[in-house]
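Peer 1: Below are the chains, spelled out letter by letter.
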Amino acid sequence: MTWTPCFGTSGIRGSVPDELHPEVAWQIGYSVATVFKGAPLLVCHDNRTSSPMLTNAVVSGLMAGGSDAHYGGEVITPAVSLYPRHCDLGGAILITGSHIPAHMSGIEVLDHDGAPVPRDVEKQIEALNISKAAPVNWQNYGRLRQASDVGSFWINKVVTQVDAGLIAKRNFRVVVDAANGTAIPWLLDAIKQLGCTVIELNTERDPTFPGRSPNLRVNLLDQAVQLVKQQRADLGVAVDGDADRAFFVDDKGRAIMGDVSGTLLAQIELIREGGGTIVTPINSSNLVEDVVGQFKARIVYSRVGPPAIVAAIKKHNALFAFEESGKIIYPRLNYLSDSGLGTAYLLEYLARTEKTLSEIIDAFPKYTQLKRAIDCPNNLKEAVTLYALEMVRKDYPNVQVNTADGVKVIFDDGWLLLRPSGTEPVFRCFAESRQEKRAQELLTLGLDWIEDVLKSAAS
Amino acid sequence: MYSTRSLFGSSGIRGKVNELITGPLAIRIGLATADYLSAIVKHPQIMVGHDHRTTGPMLTSALMAGLLEGGVTVTRTEMAPTPSIAYASGKEGMHASIIVTASHNPPEYNGFKFHNPDGAGFTAIQQEELEKRIMKAEPVDWKQFTDFSSFEAIPHHLDAIVNACEVTRSYNVVMDGALGVGSLVTPSALQQLHASVKPLNTPPDGQEYAQHCPPSKIQSAAAAEWQHFVHLDNLSEIVTSTKAHVGIAHDGDADRVLAVDDKGRVLAGDILLALVADYYLATRGGKVIATTVSSSSVVDQVVKQHGARVERSRVGDVFVSNLVKEHKAVMGAEPSGPFIFPEVHYCPDGPLAACKILELLEWANRSLSQLADDLPSTHLLRASVTCPNEKKEAVMKAIKSVFEEWKNIEEVNRIDGIRASFHDSSWVLIRPSGTEPVIRITVEAFSAQRAKGLLKNAQETLKREIR
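Chains as they are written, first to last, in the numbering used here: chain G, 2 to 460; chain F, 1115 to 1581.
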């Protein structure tokens, strides 16, 4: 027993079956039911090979802990996080490995509003996994219910947020790269119901993810880029394994960075609503400042990672949130990233403005963003942070510094972020400027600071 | 942790939920079954389901998790009787079925029954194979994890029952579902065979099951066994007050049947067996009827008239099923009510037995009470003597040599305890209980005096040996 189920930034993750196996999953279900005091919970899963097995174990644990299990089958993550709020359930458990390798999986626990449960609830669940709660009496066992409409409910919600008739008139041709994942058929159906022609890519359901990695990065979108060009499509959409995150490809076949598409969707939201608060992590491009500055809007920078983003959304009653990883969050409907809502709003905007996506993107100010990760032992991370702060105070006493997550140094013509990874022995350095040369300078500056500490520790 | 040595009883694994029977145990059972099936076939498929118990869905899901972890493709049925699930699994080409049920036990119990595709329960050898795998079966590689689908077993079972029976007259039947799953099949099957059915205690209810059954005023071995979960006096009264031809009850998972005749009398399973055996041997021929060591010699009397013979197994329906198979018996049954009709399958089938009773009535063209009254009347007595578990083996050995000195013994059968039958057709069965520190005695004779004498003799002999 070397592995203990612990919550990371997106639920409890581990490799299957050596770490995450049915007995562990049963115990987690049991603990969750105990913490939720027997409230009915939705249980759904992604298309991984281990999902039916882990889901049955979780469902069983829930019933043993006194909760009715509403089994929703295989659906995409945003459909699961959308459902509890509208259907009077105590919350949801989602079995998904999202974008991580195919032999792994994870268990996420969502609250009655579909948001990830707060840290203190996670701690209670972790504690019960170890102490093991007393069993409920045979008379109080939970029942098994079917929640067969989770996916169709989501499609309907997505399609009815926008003017589907307007979108349909344009006969958009959309490439959808489903990564052989859970997006099949849900996201494809939603886009079809918006009156678009879907050009399918990696739409054979296959839990070994043969088409491409279930992760989402700009450099993984080559197939989508090629197909958009070849098919002269209006738009390309690529999602991760469980289809919460989305990246877009414009009609010229250019893959769009996540913070650029996030900024555009923020802009669309501000136009629709007339103003509001936008939440984004501290490593997002300054582009959002330029674009959102034209509206009655406020930008709140959060720490990186879903729990921090959701906390900031709730605290500031945000209208919209995005992360450069492709997360697009519409809190009035869904506290988790929703690839379908993002795609629907983008299509509606294209239809309404009668512009192409490339025209819109070309009109945005251009930024150069550089990222680098440097190996750094965990025990030196704090030293790097302190050294960076000291160097800023000494060399740049008048610039703005944000220490919400690492050290972000904000110059007039760009910014630099030094951030220790939470999961690996790595220090990340981000730099951005409108001038490529300046971005390079800032990156070098940050890397030098890290190197200084590593060198002095080695000598 | 559970000891793996004594998990299996005569009818699968059974115990109190949250004590022996837990989700984690169900997962291990699933994985062990997967490991066992994978050693026999390449891509094993299994059907699983549960009865009306509140803990059934929990245990079924856990069982499935273990099966899927072991690479077995699972078909999950809705709540259904044991014979429905066992039947459908064979028809759908599965390699086995597991039913989550504790049969007639109180509602805080649950367990697992394992059946082969032909409906017969797992043999002792198969159970051993499972038992030795429970602590050590390993999951398959992540690419080989399997998926499950849903299935409705009951319509297939209903069709099979109706196709296997022929009744033209319309009988009035009171059917007591006892809040178990039998009412999901039997009323509908009887109606398709033109019966008019008055259902009692339906639909299935895991919360109320076996909660409101007062002890029966009826003094008989059958009543003693069934009164914990069937309100027998009520059933008896409704049968007589509605002038029904027959009253039917099932145990929790409906692999057993109990009949109440038109006079409101509860018929023991072996008396019903004698009647149905008579009908079967008369209309279908055949050489063998299968039952256990504990059933009445009335069965022998009836069977002998047809020039056929009775084969007896250990107590437990799995043993009767296998005996039916082994000797190509035309049917088999136990005094506690499981009936096996091999032309449909080898699983004890309560709903099918209920329909066979109507067939019997039509063939005999007489009432059930007349038929029962015409059987030779015997005196069957039961008693038990306290005996510490560790002494049982020595006592049973000693009894064997005592028996050899008794006079007029025709045959000694030692398949399950010691059953000595005498030339006057009386017999005595001495059998150590598998679950309690007692040795049970059953005697039967055609005179009350002879029965009492046999019982007294057996009790005294036992007490002397236990001392």
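A couple of the hints might just be wrong.
Derived pair list, reagent style DSSO-like, types lysine-lysine, alpha-carbon separation capped at 30 angstroms [claimed, not checked]:
hint : chain 1 : residue 1 : chain 2 : residue 2
1    : F       : Lys-1250  : G       : Lys-133
2    : F       : Lys-1246  : G       : Lys-133
3    : G       : Lys-395   : G       : Lys-124
4    : F       : Lys-1130  : G       : Lys-38
5    : F       : Lys-1566  : F       : Lys-1506
Beyond 12 angstroms from chain G on every Cβ pair, some chain F residues (computed) [claimed, not checked]:
hint : residue
6    : Arg-1167
7    : Gln-1241
8    : Gln-1258
9    : Ser-1334
What the hints contain is simulated information worked out from the structure, not anything from laboratory work.
All residues carry an ideal CB built from backbone N, CA and C; glycine is no exception.
Peer 1: Which hints from the list above does the structure break, by number from lowest to highest?
Peer 2: 3, 6 and 8
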